[in-house]
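Read left to right, the sequence shown gives residues 1 to 256 (full-length UniProt numbering).
If you're looking for bench data, these hints aren't it; they were derived computationally from the structure. Hints should not be assumed to be uniformly reliable.
[Unchecked claim] With beta-carbon atoms standing in for the labels, derived distance ranges:
id, residue 1, residue 2, range
1, His25, Glu139, 34 to 40 angstroms
2, Thr79, Leu101, 22 to 28 angstroms
3, Asp153, Asn213, 41 to 47 angstroms
4, Asp146, Trp114, 18 to 24 angstroms
5, Asp146, Gly76, 38 to 44 angstroms
6, Glu139, Asn78, 17 to 23 angstroms
7, Arg100, Gly75, 31 to 37 angstroms
8, Leu101, Gln184, 16 to 22 angstroms
9, Lys204, Arg150, 37 to 43 angstroms
10, Gly75, Ser136, 18 to 24 angstroms
11, Val156, Gln68, 20 to 26 angstroms
12, Glu126, Glu99, 17 to 23 angstroms
All values reported here derive from a predicted model rather than from experimental measurement. Every residue, glycine too, gets a C-beta built ideally from N, C-alpha and C.
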Amino acid sequence: MQLDEDHTPETTPREEDQPLVLETHGLDAGAGVIEDLHIGRGLNQILTGRESHATTLALTLAGRMKPQAGHVAIGGENTPRGIAKHVALAGATELDGLERLVKLGQVIREQYAWGSPWWRRVPRAEDIMATEVWTSWAEPLGLMLDPTNRIGDLDVVDRLLVRVVLAGIARPNAQLLLVDDIDQIRDIDARHEALVALARLAEKIPTVIMSVNHFEDDPFDACHRVRLIRREDKEATSPEVAVEDVVNDQVEGGRN
């Protein structure tokens, strides 16, 4: 993977200047009501606590789970099913974990086929990465991979960015990309590489990354950071994910 280490977003989005993409009001995803979120264009970072059920929050913001209280709104939608159509979600291992022995081209082809009408021709696994299905997401990320690569042979950065591409394929009309747990990349330099790639992609689609770390040493002067603050102290709960609480992965095609 080749990236421009000096790359920074062309503009500096400020909250007061940017149209809002996602908003929450009185939201409780299971760890207490948080301060309302107002997410705009460009790169956004939600700073979470280590004990704040961040993945549950990510699933709720992305419309994959119902909130315990409050609401999320995006693209004129405020129901989980409606929100899920507009949010591409990556990094939530519960939904987008990858089998290490499968070849990359097969994974991309399967994701595309899953969300395509039955009558649409799906390119072969060895050809799929030459199509716009792959390039529209992979090129901004700087991903240059061989379809014959096995998932387990990719480095940790490329594996996460492949999951971002898969999320985009599942939601071709997404208005927002949400990347959960960027901290799963433990190496600081590798995480920096992933963040640079996501900053580049954020110029094309509003992007939210969720992390417990404040990336002060990274080139993100343009990043709008939101630190989660509980509005109410209450015993954190970890709600069971009932079938009806998770928006069916087949919403508008795609599995995540």
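Query raised in the report: In this structure, is the beta-carbon distance linking Glu139 and Asn78 contained in 17 to 23 angstroms?
Result: Violated: the Cβ-Cβ distance is about 33 angstroms, outside 17 to 23 angstroms.
Requested in this report: With respect to the beta-carbon atoms only, verify the hint that Asp146 and Trp114 lie 18 to 24 angstroms apart.
Outcome: Holds, at about 22 angstroms.
Query raised in the report: Does the Cβ pair Thr79, Leu101 satisfy 22 to 28 angstroms?
Result: At roughly 38 angstroms between Cβ atoms, Leu101 and Thr79 fall outside 22 to 28 angstroms, so the hint is violated.
Query - Outcome for the supplied range 41 to 47 angstroms, where the beta carbon pair is Asp153 and Asn213 - result: For Asn213 against Asp153, whose Cβ atoms are near 28 angstroms apart, the range 41 to 47 angstroms is violated.
Report task. Could you see if the CB distance from Glu126 to Glu99 stays within 17 to 23 angstroms? Result -> For Glu99 against Glu126, whose Cβ atoms are near 18 angstroms apart, the range 17 to 23 angstroms holds.
Query raised in the report: Is it true that the C-beta distance of Lys204 to Arg150 lies inside 37 to 43 angstroms, as the hint says?
Result: violated, 29 angstroms
Report task. Note whether the CB distance of Val156 and Gln68 lies within 20 to 26 angstroms or breaks it. Result -> Between Val156 and Gln68, where Cβ atoms are some 33 angstroms apart, the hint is violated.
Query raised in the report: Lying within 16 to 22 angstroms: is that true of the beta-carbon distance Leu101 to Gln184?
Result: Roughly 20 angstroms apart at Cβ, these two residues keep to the hinted range, so it holds.
Query raised in the report: Okay, Arg100 versus Gly75 on CB: inside 31 to 37 angstroms?
Result: Cβ of Arg100 to Cβ of Gly75: about 35 angstroms, so the range 31 to 37 angstroms holds.
Query - Cβ separation of His25 and Glu139, checked against the hinted range 34 to 40 angstroms - result: At 36 angstroms between Cβs, range holds.
**Report entry** 18 to 24 angstroms as the expected CB spacing between Ser136 and Gly75, which holds or is violated
**Finding:** Between Gly75 and Ser136, where Cβ atoms are some 19 angstroms apart, the hint holds.
Query raised in the report: Taking the CB of Asp146 and the CB of Gly76, does the distance hold inside 38 to 44 angstroms?
Result: holds, 41 angstroms
Going down the numbered hints, you'll see the structure goes against 2, 3, 6, 9 and 11, while the others check out.
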